[in-house]
Amino acid sequence: MTNLSFDDALTRFEPTLGLEVHVELNTATKVFCACPTSFGSEPNTNVCPVCLGLPGSLPTLNEKAVESIIRIGLALNCQIAPWSRMARKNYFYPDMPKDFQISQYDEPICFDGYLDVLVPDQDGSTTVRIGIERVHLEEDTGKLTHAGGSTGRIHGADYSLVDYNRAGIPLVEIVTKVIDGTKHAAPLVAKAYVSALRDLVRNLGVSDVRMEEGSLRCDANLSLKPIGSETLGTRTETKNVNSLRSVERAVRSEMVRQAAVLDSGQKVRQETRHFQESDGSTSPGRSKEQAEEYRYFPEPDLLPIAPDAAWVAKLKSELPEAPAAKRERLQAAWGISDFEMISVINSGGIDLVEKTIAAGCDQAAARKWWMGELSRIANELDQELESLSISPKQVAEVESLIQSGTLNDKLARVVIAAVINGEGSPAEIVANQNLAVVSDDTALLAAIDVAITQSPDVVAKIKEGKLQAAGAVIGAVMKATKGQADAAKVRQLLFERLGVSE
Amino acid sequence: MSNLSRAELENLAKLARINLTDEELTIFGSQLGLILDSVAKVQEVVNDSIVPMSHALPMTNVFRPDVVGQSLSNSEALAAAPSTQDHRFKVPRILDEE
Ligand SMILES: [Zn+2]
Numbered sequence: 092m093t094n095l096s097f098d099d100a101l102t103r104f105e106p107t108l109g110l111e112v113h114v115e116l117n118t119a120t121k122v123f124c125a126c127p128t129s130f131g132s133e134p135n136t137n138v139c140p141v142c143l144g145l146p147g148s149l150p151t152l153n154e155k156a157v158e159s160i161i162r163i164g165l166a167l168n169c170q171i172a173p174w175s176r177m178a179r180k181n182y183f184y185p186d187m188p189k190d191f192q193i194s195q196y197d198e199p200i201c202f203d204g205y206l207d208v209l210v211p212d213q214d215g216s217t218t219v220r221i222g223i224e225r226v227h228l229e230e231d232t233g234k235l236t237h238a239g240g241s242t243g244r245i246h247g248a249d250y251s252l253v254d255y256n257r258a259g260i261p262l263v264e265i266v267t268k269v270i271d272g273t274k275h276a277a278p279l280v281a282k283a284y285v286s287a288l289r290d291l292v293r294n295l296g297v298s299d300v301r302m303e304e305g306s307l308r309c310d311a312n313l314s315l316k317p318i319g320s321e322t323l324g325t326r327t328e329t330k331n332v333n334s335l336r337s338v339e340r341a342v343r344s345e346m347v348r349q350a351a352v353l354d355s356g357q358k359v360r361q362e363t364r365h366f367q368e369s370d371g372s373t374s375p376g377r378s379k380e381q382a383e384e385y386r387y388f389p390e391p392d393l394l395p396i397a398p399d400a401a402w403v404a405k406l407k408s409e410l411p412e413a414p415a416a417k418r419e420r421l422q423a424a425w426g427i428s429d430f431e432m433i434s435v436i437n438s439g440g441i442d443l444v445e446k447t448i449a450a451g452c453d454q455a456a457a458r459k460w461w462m463g464e465l466s467r468i469a470n471e472l473d474q475e476l477e478s479l480s481i482s483p484k485q486v487a488e489v490e491s492l493i494q495s496g497t498l499n500d501k502l503a504r505v506v507i508a509a510v511i512n513g514e515g516s517p518a519e520i521v522a523n524q525n526l527a528v529v530s531d532d533t534a535l536l537a538a539i540d541v542a543i544t545q546s547p548d549v550v551a552k553i554k555e556g557k558l559q560a561a562g563a564v565i566g567a568v569m570k571a572t573k574g575q576a577d578a579a580k581v582r583q584l585l586f587e588r589l590g591v592s593e
Numbered sequence: 099m100s101n102l103s104r105a106e107l108e109n110l111a112k113l114a115r116i117n118l119t120d121e122e123l124t125i126f127g128s129q130l131g132l133i134l135d136s137v138a139k140v141q142e143v144v145n146d147s148i149v150p151m152s153h154a155l156p157m158t159n160v161f162r163p164d165v166v167g168q169s170l171s172n173s174e175a176l177a178a179a180p181s182t183q184d185h186r187f188k189v190p191r192i193l194d195e196e
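Same order as they appear, the protein sequences are chains S and U. Per the working numbering, the first sequence starts with residue 92, numbered consecutively. Per the working numbering, the second sequence starts with residue 99, numbered consecutively.
It is possible that some hints are incorrect.
Under 7 Å between C-beta atoms, here's a sample of chain S residues computed to sit facing chain U [said to hold, decoys possible]:
1. Val141
2. Leu209
3. Gln213
4. Pro395
Below, computed lysine to aspartate or glutamate pairings styled on EDC-like, alpha-carbon distance capped at 16 Å [as the list claims (entries may be wrong)]:
5. S:Lys155 with U:Asp120
6. U:Lys188 with S:Asp249
7. S:Lys573 with S:Asp500
8. S:Lys316 with S:Asp354
9. U:Lys112 with S:Glu384
10. S:Lys459 with S:Asp442
11. S:Lys459 with S:Glu431
12. S:Lys180 with S:Glu445
13. U:Lys188 with S:Asp186
14. S:Lys330 with S:Asp249
15. S:Lys180 with S:Glu154
16. S:Lys417 with S:Glu384
17. S:Lys234 with S:Asp190
18. S:Lys274 with S:Asp99
19. S:Lys234 with U:Asp164
Everything labelled a hint here was simulated from the structure, so no lab data went into it. The structure presented is a predicted model; accordingly, all values stated were derived computationally and were not measured. Glycine residues also receive a C-beta, built at the ideal position from the N, C-alpha and C atoms.
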């Protein structure tokens, strides 16, 4: 098969996207039973007869979960169905002990909405409206660990181990309408949508939306068609896309792969594919992807959901400020350009910057730390900005230590690294590790005197008025004080000592 | 009587992971047969003028407050499992080698 580039593929084909995002709600209890939803508990301890599917048990619907999905639907400009039912999706697979999942079929609670997302381009950004097909409620599945076998994967595993702690955690599935006409921007549109959706859901406070913990998961459907064609191509569904960066990479690599398949005269197989974090490629998933027949039928054990119009109106009136409105407001308040704003949004750090400013930090400094040093560290650790173990308040504290002259930029970086490393608060680290800028003139003058005696030639030049020669002495002083001195201060004291003026 | 065969019944029990004795297969076979016959009788009267009904009670919005209750201990949860390992349910291979 030919090895072709992304740009090359786009000279002949155009992509059609569809995105399915699953969000785990942060309710205290599961959706159909009173088991806790806490992450990281011992296996099979957040379970009961209902979520284990034991005979005779009956589900009861969590009111908070219904409220949360309606709020998500409203924030996504959806219609709220005045009447809908839960449905059984039947399948024999051990991730669901009942042999069916309680989900929704043709009567989702929310439908027909949209989300406007900001997609970066050469000129700054373009707003793309993503249509929302439906938002429905279902229960999450248990977690399988495959053991034995030659590959360590599900295929040919000797057996699997199941933990049902996650089974029954409320899950909201958000499905887009077909996204067409994005061309080369498809990977960026996909990423911008998931990022905007994550911000929206987090802003509502209904989910932790931590991609690395699986509380937000994305499946990307993609097909290619020849440019100008009316007929959609065969689509694949890529699963296991667990970070914003991966969303972009998965769409890009699947576009290139499908173009190569079509170029060679073959057909794209309709299949589930798995994203490989290691090299950004996708590989075929379950090979026995049968034409799924789930025999959906209305769940007889749960009564229909008919949200009262007054309740929906109340929830709508209580929605927090929408992320798009918030972006505009913050951009105006900070007085920054479209380009600068996009870089804040793309870093995933808009809330962090806002909170840092709220904690008393200057806006430019807040952006500088989160977009610069902290983004660099996050990249290095392969983490999202928000999962770094440093709070906006601590970043503001570091900046205030710079403003008060206790730290310089270089020492601030050392302190930030130490905070992330769990060594304490910025103030504790400065005190314990003796990191403060040397501001006691006596110690500094002593270091300057040593440097002067060590470089008589340089000193002579300075006295002759060749002030640029001072760099060597200042450097020696900085070295002797391990970078804890303020260079401008050293320069001033040195000239005073030598009786020259600038 | 319905035509649910002994082999079909055995296969259903196997899929549902329920071990049934010969005697139980006979009892449940005749009971399931009765249910299938009754459903068949209902199907005879279904026509376009009858609206499908999913629930017997004319009620909606029956909710539970989001308050944590009692869960089972790990040993209680695994008590009826045919096989366990590392505090988890152990299940047979799911897919064959590719
Ligand atoms: Zn439970």
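Please write out, lowest number first, the hints stated earlier that are contradicted by the structure.
When the structure is compared with the hints, numbers 1, 2, 3, 5, 9, 12, 14, 15, 16, 19 turn out to be violated.
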